[in-house]
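S.K.: Using the sequences and the hints given, assemble the complete structure.
Protein sequence lines correspond, in order, to chains A and B.
Heads up, the first sequence is in the numbering used here, so the first residue is 4 and it goes up one at a time.
Heads up, the second sequence is in the numbering used here, so the first residue is 6 and it goes up one at a time.
Read the hints as simulated data drawn from the structure, not as lab findings.
The beta carbon of each residue, even a glycine, is placed where N, CA and C say it ideally should be.
Listed below are the simulated EDC-like cross-link pairs for lysine to aspartate or glutamate, each with C-alpha atoms no more than 20 Å apart in a straight line:
1) Lys308/A x Glu99/B
2) Lys111/A x Asp49/A
3) Lys126/B x Glu343/A
4) Lys23/B x Asp35/B
5) Lys289/A x Glu268/A
6) Lys23/B x Asp313/A
7) Lys308/A x Asp98/B
8) Lys308/A x Glu12/B
9) Lys126/B x Glu344/A
10) Lys126/B x Glu136/B
11) Lys111/A x Asp27/A
12) Lys126/B x Asp336/A
Pair by pair, the computed Cβ-Cβ distance ranges are:
13) Lys28/A x Ala49/B: 50 to 60 Å
14) Gln157/A x Ser95/B: 43 to 53 Å
15) Ser100/A x Glu91/B: 46 to 56 Å
16) Ala34/B x Lys28/A: 22 to 32 Å
17) Ser22/A x Ala42/B: 35 to 45 Å
18) Ala53/B x Ser100/A: 39 to 49 Å
19) Ala165/A x Ala30/B: 46 to 56 Å
20) Ala312/A x Ala30/B: 18 to 28 Å
21) Gln50/B x Ala132/A: 27 to 37 Å
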Amino acid sequence: MSSLGSGDSLCTRLEQFLSTLWNDKIRVHNLSRIPGGVSRETYRFDAQTNDGVQGLILRRDPVGSLIDTDRQVEFLAYKSFFGSVPVAEPVVLEPDSGPLERPFFIMKRIDGGVAARPFEREPYGLHAASIGAALFAHLGRIARSDPAALPLGQRLPSLEAASCWREALDHWEAIILRDERHPQPIVRAALRRLRRNPPPAAAKVSVVHGDYRSGNFLHDGQGHIKGILDWEMVHLGDPLEDLAWCCDPLWNHFDERRVAGTISEDAAIAIWERESGLRLDPEAFKWWRLFSTVKGQAIWTTAAKELLADNSNLALAISGYYPARRHDVIIADTLARLVEEGWR
Amino acid sequence: MTPTIPELLGACAAALSKPVRAEDAGAFADARLQTVATINLLVAQECATAVAVRLWENAALRAVLMQAATGYGAAFGEAAKIDDGELSLSALDEANFRLRRLLIRLHEAAEAAVDEAMDRKILALYRDMAERRTLTLPARPATKDV
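M.R.: Below is the structure:
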C-alpha cells in the first residue's frame, strides 16, 4: 500500500476514520482513484462492516485546484437534492485535515453507471433522446426548487434576481483578469459586450449547479440517469446559467443538431420549461449563452495558470489547452452573430 | 494563453515520471495514459503549423493596427515596430503578446466611437485567429464500461 506523508496509507487512514465514526471495526477494500474532476480527488472503495459491505465515494480536497470551491457547500448540495433528483447520498463531511491529510467528504456510491467523456462522439447511442429528456427534466426540477427550503439555502449568500447576471459576470471576469498569462482579445470583447447588453432580471433566484453538462452525470447505458455529479460550483443565481452551460456547443459531442449530444435545443428547452415552471426569455438566454463561453474561458485560463504551479497535472494541461481553443471559436462565432442581430 | 508546447510536453513527462500509488492504478492510470496520448496528438498538430499560424496572426494584427493609426492615434502605428524576432515560437509569442494588447485597446476605442465598420472588421479577425488555432481531437468511441 502506498504511503502518505505521515507514513500511514490512505486506505489505513480511511479505516481508522470510519471505525471511529461508526464505532465498528471497518476494513477498506478496492480503494481506487477515479479519473476526471480537478476540483477534488475522487476515490471509490468498499467499506466492510460487521453488517456487510458498503460502496462509498471519497471526495478529498486536492493539493492545488482548478477552481477554489467550498466542500461544505458541495456536501450540502447532495443533502439538498438527495431524494428529489438522482444524486449520491451524503454520509459525512470532515473539514479537518487530520484524518486524511486534507479535508474531505464521503458519500454512498452509485453503482452501475458511467459518465461520458466530454469529447467523445455519440456517447449515448440509441438512448440519446431518453438521456436528454431526463437531463433537462432534472435540471428543470433543480430550477423549480425553493432554495430557502433546502439545506443549501441556509449556507449560500442571498441574491437579488436583478443582480444575478452582474454577480456571475463580475466573478468570472475577475478570474480572467487575475489569471490571464497572454492577452485574450476575443474573450475581452465578449466581456464588454455582455456588460453593454445586460439581460433582464432572473425569473427567479434558483440553485445553480454550476457545471451541469454532459459528462457530469452517471447513466446506465440504457437511457437512465443514475446520478448528477460534481456540485462543487453550486451557487444561487439565474437558472438560465445552468441551461445555457449545458447547451454550450463545447459539450455537444461534435453534433451541432443536438445539445449535450442528446436532443435538439428546442426540445431541451420545452422539457426544462415544463419541469421548472418557468418561461425562457430568448433574449435573456442569448446573454447567458455568451456568458457560458466566458465562464468556460475563465476556467481554462485558470487551468493554464495553475499548470505552472502543478506541472505534472494532466487535467490542468488538457483543460487549459483544447477547450480554450474551441471556446475561442465559439465566442468569435457568437459575437459575430449577436452583432448581426443588433447587439451594441 | 493556452499552455506552451514545452509546458504541455513537460507535464506529460512529469506525470509519467511520477511513481504510481496503489490507489491510482486501474482506471485513473489508464486515463492518465490516454490524456498523455491526446496531448501528444494535439501538440503534434500544433507543431505542424505553429510558426505559420503565429506569423500570419502577427501580420494580420499589424495590418489592422497600422491602418487604424490614422483615425485612432499614432500609438497603434507602433505595431509596425513590433517584429517577430528570430522566429522562434517564444519570440513570435512575445510579439503576439504586444500586438494583442494593442488590438484590445483598438477594439475598445472602436466600440467607444461606435465605429461599426471597425468593430466588424475586428470581429472577423477574431474568427480567423480562432479558426487558425483550432485543434482537432481524434475520434473516440463512446465509453461502454457501465
